[in-house]
Amino acid sequence: MPLTLTLGHSPDADDAFMFYAMTSGKIDTTPIRYEHRLQDIQTLNEMLLRGALDISAASVHACAYLSHRYAILTSGASMGDGYGPIVVGKKPYALDELRRLPIAVPGTLTTAFLALRLCLGMFPFVVMPFDRIMEAVLSDEVPLGLLIHEGQLTYADAGLVKVLDLGEWWSKETGLPLPLGVNVLRKDLPSEVQKSVASHLRDSITYALTHREEALAYARQFGRGMEERRAEQFVGMYVNALTVDMGERGKQAIVTLLERAAGLGFVPHAALTFVSPCG
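Residue numbers (this note's numbering): 276 to 554.
Simulated from the structure, these hints should not be mistaken for lab results.
Any given hint could turn out to be false.
[Stated by the list, open to error] Straight line, CA to CA, 27 Å or less: simulated DSS-like cross-link-like pairs of lysine-lysine: (1) K526 with K470; (2) K366 with K437; (3) K447 with K437; (4) K365 with K447; (5) K366 with K462; (6) K437 with K365; (7) K526 with K462; (8) K470 with K301; (9) K447 with K366.
Between the sequences and the hints, there should be enough to build the whole structure, so can you do that?
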């Protein structure tokens, strides 16, 4: 009996690369049919809070508010191992100054924002769309900006300087990768369906990594004007061995991040559930 499930992911190069095989019919997902819903990550997080999707990309930060309804898939995670979202400015700043100056952030449910809270504690911030942040810093609308997505690679071209790398900071703090995004699915789906979804996602990522040029050609359409080399570099940063299977190290990274945040009162305590592929 065919089963149709909604699948949310962002129109970004790394997500496009990961989901290429599933969106293009390169792997057999019978009897499940996926309805793809492309939205930015902030919108996907908000949809998940309403229970509006069966499966979706999600910020790890949002998982603290989703654990009663959604489980985390062990495939499909975006983790920065020694690198991650960055704070940029037009000049260098000391860490103490970051606690006093307004920072443009790309949404309060992003993991980048949560990691910055863990690093700095309280700080003044202004929420704006992620693709406006560099321009806001360049035009002196704000002195500092928190960059996610391709801004992590293009900030220097715009004349900005890196003030703080959150992935680097987290690695020094914990020795773990910084878990930024995951894929989640509804816990009330039958267990065999959950396992099948996990397998399809893993197989889609494996297909992309073993048919790299083909998958990159598709992903470049979602690079928002990034030059080819940069798009490939960005995909390489966030689609890797930890994406195929986060393993115990990846699970520990997620649990550690959310437990530290809960201990400081930034998020509620969450009982996380993980789902792995069958076979």
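Evaluated hints:
no.: 1; hint: K526 with K470; verdict: holds (17 Å)
no.: 2; hint: K366 with K437; verdict: holds (8 Å)
no.: 3; hint: K447 with K437; verdict: holds (17 Å)
no.: 4; hint: K365 with K447; verdict: holds (25 Å)
no.: 5; hint: K366 with K462; verdict: violated (47 Å)
no.: 6; hint: K437 with K365; verdict: holds (9 Å)
no.: 7; hint: K526 with K462; verdict: holds (18 Å)
no.: 8; hint: K470 with K301; verdict: holds (19 Å)
no.: 9; hint: K447 with K366; verdict: holds (24 Å)
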